[in-house]
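Hey, can you work out the whole structure from these sequences and the hints?
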Amino acid sequence: MKAVILCAGKGTRLYPVTLTMPKPLVPVANKPLLQYAIDTLTKMGATEIGLVVDSLDSPIRERLGDGKDTVGVPLTYIAQTNPKGLAHAVKLCQPFVGDEPFIVYLGDNVFQDRMDVLYQQFQETGASAALALTEVPNPSAFGIAELDGGKIVRLVEKPKDPPTNLAVAGVYVFRADIFDAIDHIKPSWRNELEITDAIQYLLDQGKSVIPYIVNGWWIDAGKPDSIMLANQLILEQLPFTPVDLQDPRVEGESHVSHRVLLGENTRIIDSVVRGPAIIGNNVIISNAYIGPYTSIGNNVVIEHSEIEHSIVMACCTIKNIDGRIDASLIADNATVIHEPKKPNTHRFVLAENSLVQLI
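Mapping to my numbering: the sequence shown position 15 is 22, numbers consecutive.
Please keep in mind that the hints were generated in silico from the structure rather than gathered at the bench.
Keep in mind that this is a model prediction, so the values were computed, not measured.
The C-beta atom is built at its ideal place from N, Cα and C for all residues, glycine as well.
Just to be clear, a hint being listed does not mean it is correct.
[Unchecked claim] The calculated DSS-like cross-link candidates involving lysine-lysine, where the alpha carbons are at most 27 angstroms apart (straight line), are:
(1) Lys-230 <-> Lys-158
(2) Lys-50 <-> Lys-91
(3) Lys-9 <-> Lys-91
(4) Lys-158 <-> Lys-9
(5) Lys-38 <-> Lys-17
(6) Lys-214 <-> Lys-98
[As the list claims (entries may be wrong)] Derived DEER-like restraints, expressed as beta-carbon distance ranges:
(7) Gln-119 <-> Pro-350: 45 to 55 angstroms
(8) Asn-172 <-> Glu-271: 43 to 53 angstroms
(9) Ser-233 <-> Lys-50: 18 to 28 angstroms
(10) Lys-193 <-> Asn-327: 53 to 63 angstroms
Put into structure tokens, the structure is as follows:
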């Protein structure tokens, strides 16, 4: 079975982090967002995966290569250099998938549900398409599916009077007739080819489109707050082994609570770490406090500082910070330090669309 992950977007809602890092590579619980999509698809039965990227020299390709040694499944890269909507991205995949049924997965989505049976149900019914749907409290903010007799009969984009609370959640299964449907639609008011319009075309032609109701939570991890929420939810699910009191990685007057994962060659020195938390390899935590729902990447140094409910990516340095860092997303190679010099001032070197809050 072939699957496609759409990950060519610019990730503007995550600027400045995504100015230099594609959004699918942003880590959640120390794994790139893209890895969760790949894991879900392989558990659904995918044996080949196509990645729609913004160019063939994407950092995603540099990181994952052909996939065999990095993610355990062959990867094919498909360039969408001039994005014109999700349906346009799907159409570009036609040479890759051919006439076979295939799965489409939006690369910034994270699910609690592994959706193991979605493809099986699709095959058993002979439907032209299957859509993952999830219940939402604010259906007017989403594309909503209207059902009748166990089938989808209509899709409505951000309806004022929603027929259901079932939002289209970013995982689709299609047969090859989706490509003909895309050929028959026109750009929307956004000047994009919308995948919902192509699915509606299938419905208008009398084709069967079935729902799959997602179990558990669903996160569209496109904004910093949703990234932090995904990090929290995934950390709650990780299997933790209690850190042994005699663990050589825990030094001095340190206390490491349960539900903490420590990487190799990491040192916790005279510090407190409270889980759930994950700390990568070659990390030094000294005279510091690491609070719940914190993910710290490899090769990080945190000294004389406090941080919780945050993501710190690889090769960062945090030193001598007064007060606690909270709900923060700190990208690779960032340095956050306090120099105890007079006058007591603040100095910033910030990228476009940066956010600084002094509380």
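Query - Range hint compliance [Cβ, Lys-193 to Asn-327, 53 to 63 angstroms] - result: 58 angstroms, holds
Report task. Check the following: the C-beta atoms of Ser-233 and Lys-50 are separated by a distance inside 18 to 28 angstroms. Result -> Roughly 23 angstroms apart at Cβ, these two residues keep to the hinted range, so it holds.
Query raised in the report: Has the given pair, Lys-9 with Lys-91, been kept, meaning a C-alpha gap of at most 27 angstroms?
Result: Roughly 23 angstroms separates the two Cα atoms, so the pair holds.
Requested in this report: Compare the distance between the alpha carbons of Lys-38 and Lys-17 with 27 angstroms, and conclude whether the hinted pair is satisfied.
Outcome: With a Cα-Cα distance of about 20 angstroms, the restraint between Lys-38 and Lys-17 holds, given a limit of 27 angstroms.
Query raised in the report: Holds or violated: are the alpha carbons of Lys-230 and Lys-158 at most 27 angstroms from each other?
Result: Cα-Cα ~32 angstroms, so violated.
**Report entry** 27 angstroms limit on alpha-carbon distance, applied to hinted pair Lys-50 and Lys-91
**Finding:** 30 angstroms, violated
Query raised in the report: Does the alpha-carbon distance linking Lys-214 and Lys-98 stay inside the 27 angstroms limit?
Result: 19 angstroms, holds
Query raised in the report: Within a Cα-Cα threshold of 27 angstroms, do Lys-158 and Lys-9 meet the stated pairing?
Result: Measuring from Cα to Cα gives roughly 24 angstroms; hence the hint holds.
Report task. Just tell me: holds or violated, for the beta carbon distance of Gln-119 and Pro-350 against 45 to 55 angstroms? Result -> 50 angstroms, holds
Query raised in the report: Holds or violated: 43 to 53 angstroms for the Cβ distance of Asn-172 and Glu-271?
Result: 45 angstroms, holds
The structure shown violates the earlier hints numbered 1, 2.
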